[in-house]
Amino acid sequence: MSIGHVLLGLLTERPKHGYELKREHDDRFPGVKPIAYGQVYATLQRLERDGKVAVSGTAKEGGPERVVYEITSVGTDEVRRWLAEIEPPAPYVSSALSTRVVLALIVGGTADGYLLRQRAAHLERMRELTARKNTAGISAGELLATDYALHHLDADLRWLETARQRIGELTKEIRP
Amino acid sequence: MTLLEARRIEKTFGRTHALRGVSVAIESGEVVAITGPSGSGKSTLLHCLSGIMCPEAGEVHYDGRRIDTLDEAARTRLRRDAFGIVFQFGRLVPELTAVENVALPLLFNGDGREKSATVARDWLERMDALDVADARPGELSGGQLQRVAMARALVTGPKVVFADEPTGALDSLAGEKVLGLLLEAARVNGSTVVLVTHDNQVAAHADREIVVRDGAAAGVVA
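Those protein sequence lines, which keep their order, are chains A and B. Start counting the first sequence at 1; every next residue gets the next number (our numbering). Start counting the second sequence at 1; every next residue gets the next number (our numbering).
Here chain A stands alone, though its shape is the one from the complex (with noise of 0.2 Å):
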C-alpha cells in the first residue's frame, strides 16, 4: 500500500492542505496506523516533483498558515490506473502459528495446550472488537476496519481447529 496513492486518492474530492490530509487519513481508515505529519509532507512535496499534485493555494483557519495541494491530470490518472490493479493475494500468510504448533511436537510432544490457549488468546481479542462494534455511535469505517481484523481472527481460529486435527498426522512425521 502506497501512502501517495492514498493521498492522491483522498485529494480527487478537493483541494486540500497536509494537515487536513493528515486527519481525513485517520479518521477514514481507522485499523490503519495514523500517518506522520512529517510523512505527509515528505510524500506532497514527492507527488509534486512528480506533476502529480500541484499547489494551488494557501488556507488560514485560526492557525498557521497552511499550504494547500490539488490534484493533476497526471495524478488522477495515475490513482485510477493503482485502483484497477489488485494488491496481490499474500502467498503465504504469518506462519508464526504454524511455527509454534510444530516446535511444541518438537520439544514437548503435544501442541494441544498450546492450541486451546492460542485459542482462547484470539477469541478474547474478538469478543473485545465485538463490544466497539456494539458501541453507539461507532462510524461505518471503523466498523469495516473492525469487520477485517474479526474476519481475519476468525480464519486463524478455524485454522487452529484444523491444525488440531492434523496433529496425529504431523506427530507421525516429527516423532516417527
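Because the hints were derived from the structure by calculation, they are not lab data. Keep in mind that the hints are not guaranteed to be accurate.
A few chain A residues that face chain B, going by a derived Cβ cut-off under 10 Å, partial list only [claimed, not checked]:
| hint | residue |
| --- | --- |
| 1 | 85 |
| 2 | 112 |
| 3 | 119 |
| 4 | 120 |
| 5 | 123 |
| 6 | 125 |
| 7 | 134 |
| 8 | 135 |
| 9 | 153 |
Cβ atoms here follow ideal geometry from the backbone N, Cα and C, with glycine treated the same way.
Dock chain B against chain A, hints included.
Frame of chain A, contents of chain B only:
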C-alpha cells in the same frame, strides 16, 4: 450463582459416544457459547441441559433441582415455564402465521387468545419483525424466520434461552443483526443464554466459551 449445571453426563447413540462425562456450570445472567467441530457433541449437550433429552449417566441440575430424573411431562412443563429454545431453521409451525407461532407458548400456558396475540405482536416488534406478523413461515426469508423463532422463544420471559446454531442459516450481516436482537432482548429480560455454535464470530458475542471435543469439555476458557 450457578443456575444450570451438568455433572459428568454421558450420552450414546448406538455405538456413538456423543458425551463422555461432560461437566459444565453456567451462572445466572451469563451468555455462554458452546463451541466445537461438527459431531463433537455440542448440540447433544444443549439438548441434555435443556431437558429435551436425558443423559444415561451423570446429573443435570437447574435452579437447585435435578431435572434429568424428571418424567417427560415434568420436563415439558419446565421447558415451557423456564426455557426458550431457538433452532437453526426456526422450526415454526408452517400452517400458522408468525404472530400465531409466537403466541403459541402463551396459549399453552393458558393465556387468553387476545392477550397472547397482543404480547406476541409486541415481541415481534422488539425483534424487528412486526411487518411479517400475518405471513406464514413459507413466505419468510431466513432472517425473518429466525426473528420470529426468537420472538417465540422469548415471549414467555424465560430464565434461560437455548439457541442451537441460531444464525447458521444466515449470511454474516443478517446473522449479526439477529444475534444482536436476541442478546439485547435477553439482557433486558435478565435471561441466561446458552448458544451452541461452530461460528467463532458468534462465539465472540458470549461472555465465555465452553469448548466441546469428542464428547468432552476440552477446556473451559474464560
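Hints versus structure:
no.: 1; hint: 85; verdict: violated, 27 Å
no.: 2; hint: 112; verdict: holds, 8 Å
no.: 3; hint: 119; verdict: holds, 7 Å
no.: 4; hint: 120; verdict: holds, 4 Å
no.: 5; hint: 123; verdict: holds, 6 Å
no.: 6; hint: 125; verdict: holds, 9 Å
no.: 7; hint: 134; verdict: holds, 7 Å
no.: 8; hint: 135; verdict: violated, 13 Å
no.: 9; hint: 153; verdict: holds, 8 Å
Hints 1, 8, counting from the list given before, are not met by this structure.
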